[in-house]
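Engineer: Residue numbers (the working numbering): 46 to 422.
Careful, some of the hints might be misleading.
Ranges between beta-carbon positions, derived for each pair [what the hints assert, rightly or not]:
hint: 1; residue 1: Leu127; residue 2: Leu198; range: 18 to 26 Å
hint: 2; residue 1: Ala92; residue 2: Leu386; range: 17 to 25 Å
hint: 3; residue 1: Arg120; residue 2: Arg385; range: 43 to 51 Å
It is worth saying that the hints were derived from the structure and are not from the lab.
This one's a predicted model, so the numbers in the text were calculated from it and none came from an experiment.
By construction, the Cβ of each residue, glycine as well, lies at the ideal position given by its N, Cα and C atoms.
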Amino acid sequence: SNVLSPLLAYEGLTAFFLEAAFLGVLLFGRRLVPRWAHLVAALMVAAGTLFSAFWILSANSWMQTPVGYEVIDGRFFPQDWLKIIFNPSFPYRLMHTVVAFYITTGFVVIGVAAFYLRRGRFVEEARSMLSMTLWLLTIAVPLQIFLGDRHGLNSLQYQPAKVAAIEARWDSVGAAPLTLFAVPDEAKESNRYAVDIPYLGSLILTHDVHGNVRGLKEWAPEERPPVAITFFAFRVMVGIGLLMLALVIVSWWMRAGRRLYDSVWFLRCCQAATPLGFIAVLAGWTTTEVGRQPWTVYGIMRTADSVSPSLTGQDVLISLIGYAIVYLIIFPFGLVLMGRLVRIGPLGIGLQPEPVESGRPDLPVRALPSAEPELLP
């Protein structure tokens, strides 16, 4: 708590209050404040989100690669806050995660744009959405692959057992193959139905075709992460990343042939790709957190030893069920809200009442514009 609590407190002080201060202006003030003020509010909310990511990922990364602390009577105490905040895995995790969020948002935008284009609604806006976002993804998707490679090299240095689980590599070998698919058998410490590409594992992991890759047998069974979950979650993430790259490359071909806005099959692919970013992010975090096991603080504190002595299994179960119920309620409402926003479209804001001379609208201000179907194209 002496290390993590201040980091999370900084998140509240620098990010939460910043977002809270400007979110009301962003949601309700578009017709009540000057356009520049509304733009500033949007930028401040975005900056607050980045600040949140900074502190939360710093805390998580410290648990993955702990430095700058000392242990006194079984408790962590900070020695160097700069080392704690900018711990070895933090820069890679921050960049990889933030770019992932931009990519996730980008694929939602092109999915919505494709939806409009296929139905002939908001065509001018949809063309701008699709074109601009695909240019953004042209930069972001290859950048993300590069950042993922650098993050992997960092994990190989500081969390080699995690990388061994990601690759389902049991024996330490040089010139290791890349295992495209396998069914890891943890009891027998082997893989079934393995599909390997010779040398490629060492080339990717060490940038040397003869590089040595450590195997899971170097660690006692109780020191290893769950292999199957880590192995498959990583491949889901990478597979989706390659699909995203393929869609971006196809968009270049479509743009060159002047079919970007008219190709039905391409627009369908864009719509189908809408949820891919969310799935990839979840798979990536599954890889990160399951691959860290059996540690809460890597190599120092086990997850089994991290539970408060005053908590019982029933307490944890009740808390988990409570969180699950809340999210099961919030999630469908969020989907309905986003669906309504898409149905209203980018011109829906024009349906808001004009402000009167006092600067206050003659009808209640809403965060979500009212839909008037007869006015929508």
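Engineer: Going through the earlier hints one by one, which of them does the structure break, listed in rising order?
Structural biologist: Violated hints: none at all, because every hint is consistent with the structure.
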